[in-house]
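> Chain residues, written in single-letter form:
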Amino acid sequence: MQRYILKRLLALIPVLIGVTILVFLIMQLAPGDPAQIMLGSKATQSNITALRHQLGLDKPLYQQYFIWLGKVLTGDWGRSIQLRRAVLPLVWTRFQATALLTVFAALIAIIFGMFAGIVSATKQYSIWDRLLMFLALVGFCLPVFWLGLIMQIIFGLKLGWLPVSGMHSPGGEGFLDTVPYLILPAVTLSVGSMAEIARMTRSSMLEVIRQDYIKTARAKGLGQRAVIFRHALKNAMIPVVTVVGMQFGYLLAGAVLVEIIFSWPGLGTLMVNGILARDFPLVQGIILFVASVYVLVNLIVDIVYAFLDPRISYS
Amino acid sequence: MPDSAFLEVRNLTKYFPVRHGVFGRSISWLKAVDGVSFSMNRGETLGLVGESGCGKSTMGRLIIGLLAPTSGEVLLEGENVHAATGERKKQLHRRMQIIFQDPYGSLNPRMPVGEIIAEPLYIHGLARGEQAQKRVRQLLDYVGLGSYCMGRYPHEFSGGQRQRIGIARALAVEPDLIVCDEPVSALDVSIQSQVLNLLSELQDELGLTYLFIAHGLNVVKYISDRVGVMYLGKLMELAPGDELYSNPRHPYTRALLSAIPIPDPKVKRERIILSGDVPSPIDPPPGCRFYSRCPEADEICARESPELRELDSGHLVACHRVGG
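Protein sequence lines correspond, in order, to chains P and U. First residue of the first sequence: 1182, per the working numbering; consecutive thereafter. First residue of the second sequence: 3, per the working numbering; consecutive thereafter.
Hints are computed from structural coordinates only; laboratory data are not their basis. Zero decoy hints are in this set.
Far from chain P, by Cβ distances over 12 Å, these chain U residues were calculated: (1) Ser41; (2) Asn82; (3) Ser149; (4) Gln163; (5) Ser277; (6) Pro281.
In the DSSO-like style, the derived pairs of lysine-lysine whose C-alpha atoms are separated by at most 27 Å in a straight line are: (7) P/Lys1304 - U/Lys91; (8) P/Lys1252 - P/Lys1240; (9) P/Lys1188 - P/Lys1415; (10) U/Lys92 - P/Lys1304; (11) U/Lys92 - U/Lys136; (12) U/Lys92 - P/Lys1415; (13) P/Lys1415 - P/Lys1304; (14) P/Lys1223 - P/Lys1240; (15) U/Lys223 - U/Lys270.
Chain U regions said to be covered by chain P (calculated; three or more residues, Cβ under 8 Å): (16) 88-102; (17) 119-126.
Idealized CB from N, CA, C, for every residue including glycine.
Produce the complete structure using the sequences and hints provided.
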């Protein structure tokens, strides 16, 4: 098992190199000249040329890439043009807020999605099944930005139960202070994934329930609950774990919209501001960071598979 | 039929609803098992043969209580299997086990073999801890597998080995009756005989009663004391094995027997070829189920469903055209 994990970690290196190349090239393709932006619209051509030279922007592309890569590896992710601060610590602080939101949304999606899927599968074609799957279809189709606004109107403005924006009450800090601020954005973010997980759990469970070894378990004399949780669920988990892993990427992407709607001080708001301001080093840093997190999450999913299914070989 | 029958099946019926229409409003009934009665003595092997979809597997599941019947009863030593509840039900179910056709599908892929076999022991409170481990080793030994298997997972074994594991699992709770639901049809011929021999040895040793379901008449012939032939949810003929093979009375049985190849190219036999397919078991017409394909069908066969009657001692046939 340890060897398997080590092997998978080593396999990450080429993937991450690929990520850095892609990120670097995408930023090159984006229109606008950073030197021009830094100096403003009234800069003279000679000033711009001087700054381009100073920033190394006049070097060939591959040289720029290796210089940049070398700095990234040593922890120097550049300075934000707009905020005039080092990118890495900035990204790291904001990432914590995004991680809190994403993990919370993922937990909500997994718990309620799997529960709905199990109920649907064990009571197939019942009124509960139909209702839950209808809701899942609706949830899957709702655009996040619309759902977020509706949640704000209902729970924030009409009912006044929960705050509609920000992360802390004025002057407050700590996790408990954040919880009320977390609920609406996390629920908004989780709905699509919840629906997907519910549908996947249902179909996977239905497939497993028809297997002979479930009949075997019943023939042994096990009760319904033990059959479902001990025999069926564990076997039905593999496709669900795959979906959960993929949903994590979707959640990170969805977090951008949700963060803007709820003014959540995470990576999403930082990135959108960065893009609007042509703040290349910042955007580059955020994309690199998020891509690395996504790759790591997928690694974790693969390792979870190996734990769940003895048929997947460790070597 | 003697009153002291070990297992008695009385007028057993299982209809499955088939829903169609936009909201699943209109329902037809798939008559998987339709009024079947027979009895079994302790220690005997009753073979049950028939084409795919004739209801033989449903029958096996009804008998051990995995499915609830639409009507009719299954009595194990006089006690109704489906009426029992709570502890009593658990007790009855412990005495009846099943071996499935597909040795790849019937073992949970996430459980080590030792746990698969030990689980019934825990459920029925028969053994715990070290004692249970000992029992598992003993069971594996019974079926010719070593105790090295305990920590391994089902996918590490071949088909024949897996079927042995399935048998060990069924034996764990010391059952009296085992329903063998086509236990060898997924296996290679050479492995088939090994598993069949194992089943007979275990029967001699432990005094087991088998209901042996198969679609091949030759496999059934090898292992069964009596053989029943099913067609579309009905029992067509039931007779001691030798009697059925030497003196088949029902036209359907005769057609089935004529389809067994003889391993001698010089022997010519008149084959009875049945025309048409097996009709759908959904809402079958009245009359004999075999009417549409029977070479000897009469007009009474279209109207009335024949009862299962005893012709000679122990030889039962459901056909208007036979005997009198």
